Each structure stands twice: as structure tokens, then as C-alpha cells.
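2 protein chains.
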Amino acid sequence: MDDKADEADNTEAISELRASLGDDAISTDDEDLRVHGYSEWSSINIDQLPVAVAYPKSTEEVSKIATVCYRYKIPMIPYSGGSSLEANFSAPYGGMSIDFAFMDNILALHEEDMDIVVQPSVPWMGLNEEIKGSGLFFPVDPGPSAKIGGMVGTSCSGTNAVRYGTMKDWVINLTVVLADGTVVKTRRRPRKTAAGYNLTGLFIGSEGTLGIVTEITLKLAVIPQETSVAVVTFPTIRDAAAAASKVLRKGVPVAAMEIMDDVQMRVINKTGNTDREWKEMPTMFFKFSGTKAGVQENIKLVKSIAKAHKGGDFIFASDADEQKKLWSARKEALWSMLALREEGHDVWSTDVAVPISRLPDIIEISKKEMDDLGLFASILGHVGDGNFHESILYNAKDPKERAAVEKCIHDMVDRAIEMEGTCTGEHGIGLGKKGSLVKELGLDTIGVMKSIKSALDPHWLLNPGKIMDFPG
Amino acid sequence: MDDKADEADNTEAISELRASLGDDAISTDDEDLRVHGYSEWSSINIDQLPVAVAYPKSTEEVSKIATVCYRYKIPMIPYSGGSSLEANFSAPYGGMSIDFAFMDNILALHEEDMDIVVQPSVPWMGLNEEIKGSGLFFPVDPGPSAKIGGMVGTSCSGTNAVRYGTMKDWVINLTVVLADGTVVKTRRRPRKTAAGYNLTGLFIGSEGTLGIVTEITLKLAVIPQETSVAVVTFPTIRDAAAAASKVLRKGVPVAAMEIMDDVQMRVINKTGNTDREWKEMPTMFFKFSGTKAGVQENIKLVKSIAKAHKGGDFIFASDADEQKKLWSARKEALWSMLALREEGHDVWSTDVAVPISRLPDIIEISKKEMDDLGLFASILGHVGDGNFHESILYNAKDPKERAAVEKCIHDMVDRAIEMEGTCTGEHGIGLGKKGSLVKELGLDTIGVMKSIKSALDPHWLLNPGKIMDFPG
Chain A
1 MDDKADEADN TEAISELRAS LGDDAISTDD EDLRVHGYSE WSSINIDQLP
51 VAVAYPKSTE EVSKIATVCY RYKIPMIPYS GGSSLEANFS APYGGMSIDF
101 AFMDNILALH EEDMDIVVQP SVPWMGLNEE IKGSGLFFPV DPGPSAKIGG
151 MVGTSCSGTN AVRYGTMKDW VINLTVVLAD GTVVKTRRRP RKTAAGYNLT
201 GLFIGSEGTL GIVTEITLKL AVIPQETSVA VVTFPTIRDA AAAASKVLRK
251 GVPVAAMEIM DDVQMRVINK TGNTDREWKE MPTMFFKFSG TKAGVQENIK
301 LVKSIAKAHK GGDFIFASDA DEQKKLWSAR KEALWSMLAL REEGHDVWST
351 DVAVPISRLP DIIEISKKEM DDLGLFASIL GHVGDGNFHE SILYNAKDPK
401 ERAAVEKCIH DMVDRAIEME GTCTGEHGIG LGKKGSLVKE LGLDTIGVMK
451 SIKSALDPHW LLNPGKIMDF PG
Chain B
1 MDDKADEADN TEAISELRAS LGDDAISTDD EDLRVHGYSE WSSINIDQLP
51 VAVAYPKSTE EVSKIATVCY RYKIPMIPYS GGSSLEANFS APYGGMSIDF
101 AFMDNILALH EEDMDIVVQP SVPWMGLNEE IKGSGLFFPV DPGPSAKIGG
151 MVGTSCSGTN AVRYGTMKDW VINLTVVLAD GTVVKTRRRP RKTAAGYNLT
201 GLFIGSEGTL GIVTEITLKL AVIPQETSVA VVTFPTIRDA AAAASKVLRK
251 GVPVAAMEIM DDVQMRVINK TGNTDREWKE MPTMFFKFSG TKAGVQENIK
301 LVKSIAKAHK GGDFIFASDA DEQKKLWSAR KEALWSMLAL REEGHDVWST
351 DVAVPISRLP DIIEISKKEM DDLGLFASIL GHVGDGNFHE SILYNAKDPK
401 ERAAVEKCIH DMVDRAIEME GTCTGEHGIG LGKKGSLVKE LGLDTIGVMK
451 SIKSALDPHW LLNPGKIMDF PG
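These protein sequences, in sequence, are chains A and B.
305 is the number that UniProt numbering gives to position 305 of the first sequence; each next residue is one higher, with no gaps.
119 is the number that UniProt numbering gives to position 119 of the second sequence; each next residue is one higher, with no gaps.
The set of hints was computed from the structure by calculation and includes no laboratory data.
Don't take each hint at face value.
[Unchecked claim] No more than 27 Å apart at the CA atoms, straight line, and that leaves these computed lysine-lysine pairs for DSSO-like:
1. A:K307 x A:K246
2. A:K292 x B:K300
3. A:K292 x A:K132
4. B:K292 x A:K307
5. B:K246 x B:K73
6. B:K307 x B:K368
7. A:K307 x A:K292
8. A:K219 x B:K246
9. A:K439 x A:K407
10. B:K250 x A:K450
11. A:K292 x B:K73
12. B:K307 x A:K250
13. B:K450 x A:K292
14. A:K250 x B:K310
15. B:K132 x B:K292
16. B:K307 x A:K300
17. A:K407 x A:K279
18. A:K300 x A:K331
19. B:K292 x A:K185
20. A:K300 x B:K250
21. B:K246 x B:K185
22. B:K132 x A:K246
23. B:K450 x A:K450
24. A:K270 x A:K292
[Stated by the list, open to error] With beta-carbon atoms standing in for the labels, derived distance ranges:
25. B:K279 x A:K324: 31 to 39 Å
26. B:K132 x A:F314: 50 to 58 Å
27. A:N128 x B:I106: 35 to 43 Å
28. A:G442 x B:L443: 32 to 40 Å
29. B:A221 x A:E418: 23 to 31 Å
30. A:F314 x B:S318: 55 to 63 Å
31. B:K368 x A:K57: 44 to 52 Å
32. A:E112 x B:E343: 44 to 52 Å
33. A:E130 x B:P471: 38 to 46 Å
34. A:E364 x B:Q296: 18 to 26 Å
As the structure is a computational prediction, the values presented were derived from the model and not from experiment.
We put the beta carbon where it would ideally sit given N, CA and C, even for glycine.
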């Protein structure tokens, strides 16, 4: 980044792009810049904002934007849902935010092949609404406002991961604009391939640092015949985690298995999204899906395992509507937390993942340390993957409070790494976790990543400052 | 490869390595070289052999070998099961074959985490035999003699892929020796991660061209309670493929779904591996697994779909023993074909994959063209993934016959690519399919692969000549 664009370069590039793509294609409106450089639910925010926001309408326009930015050495930062949590779309070196707002179309649905071709700003929830008549759905379910482009970038997952896997299991191919504007397609459209390097899998999770994804072919799954939701309380979070572990080891094919602590249950009660008053205790949410008989069989198995681990109050959603309410309460956990935040206060929400057997240990210790902060803080987790989240409400303007929260989070992350886990199971590294990534993988492995980065983006223009810092 | 090692370099490197690792560590025995450079079931063989075979006993020894080879610019070719089909371990530029024969240990089984750490020469079948007491198994099932190292290299799969996915879905982390001898580990041991680039997924399927894998952590699955096998005949291969497509679209969770043509059924009859005399007609093999009730339910569904597609003779394996025999007949299809080969004749066995809806079309046309050759030739396929194999017995020494077979195969591969498919679903590119890969992906996408290759292996020493040719 030695020869980074200066103000004159930025101005020239912007006017060149406006001439080529139309005046509306590039915004330098202050509020627009703020929206694209700041996030109220990010663990970290910085003062620097992008210098402009581009609104391309096609892969060709993205290619033009990249060609110009490449020539002027202007950083390029892809933006879709804006719901990431580690400042993944922040602009520490200024540059051009590339917002896919106008690239939100489903381009083709191939029902018989069970796949769909979409642009980056298609929201996963909208997608599923759109195609439900086909009997198919896209099973990766991160935060409700996430869009496919960002989901590719962070290699996200969600509650369905225990059954269906993560983003990298559901992408068939990507159309990618490289740093210099070259357009490549990683694959054709076979569901399975062993032909050459797995570029699709490399771009997924690279947080826009290797290329700008403009088109995505996703695998779809068949909507299960029958779904059911059950909720069980446990005396301690350790008991709940131990029960989860047993369910996995017994091979019960749960569709999802989520843990929420007493605080999170209080949040559900407070936001009043369900008609029920929940016990404010460690609670497991199970989702079952399959055929009628299969679902009944699995519920029976889970019930007996839960009982053996001191589980009580085994409750079923009484109907489809309650199922939906229950599950959406779980899905909106972060939003519900945010709603309870005091004026001017912040949220720090982060995730780690560990080998499954270590989950009871890390949740127990981390929960205790978090409670010791004396703040409003909760744990919830995708226990089937050894993955859990902490969310802490705090006053970032109070240096002492901020330091305490920071220490608590960092200790949890270090603990996950010591347990042979990872500093993030599904949120990505962004700006926030670069130090942890070095601790997790070591400099030689990071060195391999840097070699790949430099090979594909020699001037480090693509989302610079994320995942890794520049060499030297 | 301008500054490739000459004979003197090879001699010096070999004596240096013998001094460091022991005389037995490096073999230059003629028969040993032949075994490591030639394969009787490869689609292509070349005259060049490796100049030596190294037998490392640890990751440290592999690192030493790489350090010396890197210094003398000697090609390095990893070798484990030797069962690949596209000359993936051939030695077109000579060099050092690195045989993992003495690295065949299970290093750790973590039952509670449902993972296992192994060395490259652990065979997948032996692995499953070894751990069956734990109630866990490794579900990726390629040819019976395949070993984990090679399975990582080719990103293989097998009959279980329709239910469990392919190799890249089952590897947690890899220990890799880079071209210059540096040892890296791609990940720690969480089942799920979003931390940095997916190096694990990049090394899988790179056929040893980016690094030498010396240690692999694999996910394990729980052995299903109940398994069943059923066999159905169809009047035409198109009917069979159409039934398979319907089974997928209905979301029936079959454990495997394999198609075999009339010729392949004749092979089973001839090799007499099962007690039954099979109808020599297009036949589908289904595997079901899960709970007792679930299996029964799925069998019922498949039976009704098969019937609607003119399926007849719905036969169940009567007991566990027949299940095993039936399934092993399917697994040993290639070996059975080889057993029927005339003295001095060859086999060309290759695979492609297409979007599922195109499978009936491509199988029908390809089968017709293959029959027109007038040779002994069969089709079998993992229809659940849109992936199928052709195996042709022929006389490679007859130039006219060889040309006819080559044209038939190339036409099938081109057809798969035109149908938005891939030139290989699970065998990899090796030496044999480099031209097809260019047709499939285009030069810009291959360019991205070459950039990555050059970044990690600047002298193109790792398995040179595979997947892609040197730049320029």
C-alpha cells in the first residue's frame, strides 16, 4: 500500500467512473459513507470511512470499477447485508465501498438440478420465501438480514449447520471479479467435481480479500416433510452441553440444536415474542425434521437423553405457528439483546468454536467470567458444531469497562485456541480478530495465506486490513 | 523447470538423503521405480519413471527430503495407495517419488470429538475396521485400495457421497510440508471455522502440486443403527436415471444410489461374487441407512418411485451377509472388469459429472457411442451426484482401436462440459485430463490456479505436469 491513491487519484477515479457508469453509480454523500463504514453491532469501529460508494448493476460494471480502482490503487470493499460483526466491511484505508444493492436478482432457478443462480444482494430469507413453491430451500441460516454475497465472504453458517453444514458446502460456483477487473468463473454447474484447485472453497471465507464475488450458484435442499421444535431446561449450562454431546454421539439426526443461557431466556421473556413465559434457566432448543415417523423417533431419543442429563420441562411447540415463533425468538437473539441496550451503550458479540468434547468446559468457565463483569451478557450456541456466541452490553466510552470486556472476550478466545479450537466458527476475522488468527495458526500458515493474497492481489487493494496485515 | 536437476544433482541429493535418513530410506531399485511410475489401471502411462523412491517415517523426514529436493530442484511426487486412474502419481519429469508406506499409523482417535488423526498411508477400509468398536466410521468410500493421503490429493468420493458428501467435507485439518520443507498445519481441531483462508479445502484436490500432506485429521460419523440394500432393474438406462432423479427431488435420504448397466451386471454374474444370477439389464443399487422405522419408510418411497419409472424385480438383500456381498460386487466393479481383460489388453476408466437433470441424456448418448465401439465396455454411476464412470477394455497397442476409444472418451468429456458439467467428478485431472480442464474452466480461471501454484511452489517442483502445465 506504499503507492496508495491520494485525494487527487480518488477524485479522478470517481469522475472517470461517473462518466462511464452514470452519475448515480458513485455516491460520496456523507451519510452514505457512514452507513458503509460503521456498524452498530460490530465488535470494533474505526473513524476512517470509505471515500465513495459504488452501486454497480452488473458483473461488467463491477469489472469496470475494479479496472479503474486498480489503475489508481484505490482499495475496494464489497458490501451487501452489512450485518457482519467483526468490522468485515469497514474501510481502514478509505477506498471504494462496492454496494450490491442493485444486484439483488435471482438469475435462474434450476428445479430439477436443485440449484439456483443469484446476485450478491439476494437475502437468504427472501430467497427461501421466493422459491418455497418449488419444495426446495437454501439451508444456511445466519442472522436474518444477511445476504448471499456477505455469507460467501464470511463463510457463515447458522442453526442448521449441524444438519446441513456451512456455506462452503452449499456453493457450486462463483463468478468473481479479480483485483485488476478480470472476470473468472470458478466452476461450471456440476454438484460434485475433482477438477483442479477448489477455487470456490478458497474465495468462500476470504472476506472479499481475494476477489469480488458477483454471481453465486447455490445448491438447494428439499424442504422436509415434517418439522418439529422442542425445548428443554437444564439445571446448569454444563448439563445442557453434555446432553448435546450425547445426542451427537448417538447419531440422532437433529435438524438443529441450540443452547441459550438463563440471561438469553430472560431476553426472550422481556421482548415478549412468544406467548409463553419461559423459565430463566439454561435451555436447549431442538429442531427435528424428516418424515413423520422419523421425527417422532428422534424426539423420543432426544427426550430420553435429556432426561438422563437432568433435563426437565420438555416442551413441544403446539403448532406450526408456535414453532415459528419459538425459532424466530432464537434467530433474533442478537436483535433482542440490542433492543434492551441502554441509550448510547454498545454490544460486543463474538463467537468461537472448539472440539465438541471441550464445549461444556469452555462454556462453563466463560459464562462465569462473563457473569463476573456485572454487565448484561448472554451465551448462546450452535452446540452441535462446538460453536458458541457471547453477547455483552456495555459502555464503550468507559475505558475501564471497555478494558474489562475486552479482557473477558480475549480470554475466551485464547481459551478456545488452547483447546485446539478456533477464534471464530462463523463470523470471520475482519478487523477484530487478526491477532487471534496469528495465535491460532502461527506465522508459517499465515505466510501461506499471505502468499496467496499477494499472488491474486499484488497491491493488496481488495478489502485491505482484513484477515491479515500487509507484509513487512 | 529451466534449472531442473541433472543426473549429478540427483546422485548428490540421493547420497545426501541416505546419509541423513539411512541407506534404506531411498530406493533406486528398478522394479521399485516401475511400481511408482506405472499403473495398470491408469488411462495413460508414460515411459519416464521417477529416479528414486523415498520412504520417510515422519513429517520431519518428509521436511528433510523436501529441503534437499528443493535445493537441487528435484521434482517431488507423493505416493500412497497408487490406485488413482489419471496417472496422478506418474513422473513425467523424473524426480523423487515419496512413498508413505511407513507412515500408516492412526495417531489419535478422539471418540468424543468424533475425529481421528492419521498418516497418509492409512487405508480407509482398514481405518473403518480398526475403529468399528467406537461406533464411528469414516464415510468416504472410493476404490477399496485407496489410502487417505491419495484421497486428499484427488478430492475423491464414492458411493456414500450422495448422503455424506466428498473428501473436502470430511477433513478438519492437514499437516503439509511445503516445497521448501516448511511444515504448516492448516487448522487446529474445531469441526467448524471461519478463520482465514480455507487452506484445508485448497490442498484437498490439489493432487500434491501445492504441498505434501503428512498428517490428516478426519471427521467421523456415527454408524447407522440399521442398513439395508435393494436392487431394481429398469428396461433402459434412461428410466433408471430418471427414477434416480425423482428420488433426489422427493428428498428421500438414500445412503447411496448407484446405477450399473447391463454389461456391468454381466460382469457381476461372470465373477460370481454373489450367489444370485442377476438379470443383465440396467440396474439400480440403493443403500438405506438410519433407524429401523426410517429405513422402512425410505424403502417404501423408493419402491413406489421405481415402479412409476418401469422399475421391476425389486429385490432386498435377505441378510447382512448378502448386503455386504451385493455392495462389494458394486465396489469391486473396476477390479472385476480387469479380471475379464484379455492378456496384454488395457482398461480405460474415467468419470465425468453433470447437473442432475442432464444425467439421463448424457448416459444414454454415451452408452450408445460406447456400444458402437464393439468392445467390452460398461457404465456405472453415482447418480445421486450426477457422476458416472465408463470402463472400456481395449488393446492399446492397436493404434486404430486406441484412437477410437480415445475419441469416444473425449466426446463424452466434451459433452459433459457442454452440459455445464465437469471433466471429472472424483478421479482428478492428473496427466490425463489437462486439456479438458482448460476447455472446462478457460484460461483466466486456470490463470488463477497457476498464480496460486507459482506462489506456493515457485519452481514447480511439486508433482509437476499434473493438473496444469508450466506457464509459458
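Which of the listed hints are not met by the structure? Violated hints: 5, 10, 11, 12, 13, 14, 16, 17, 19, 21, 24, 25, 26, 30 and 34; rest satisfied.
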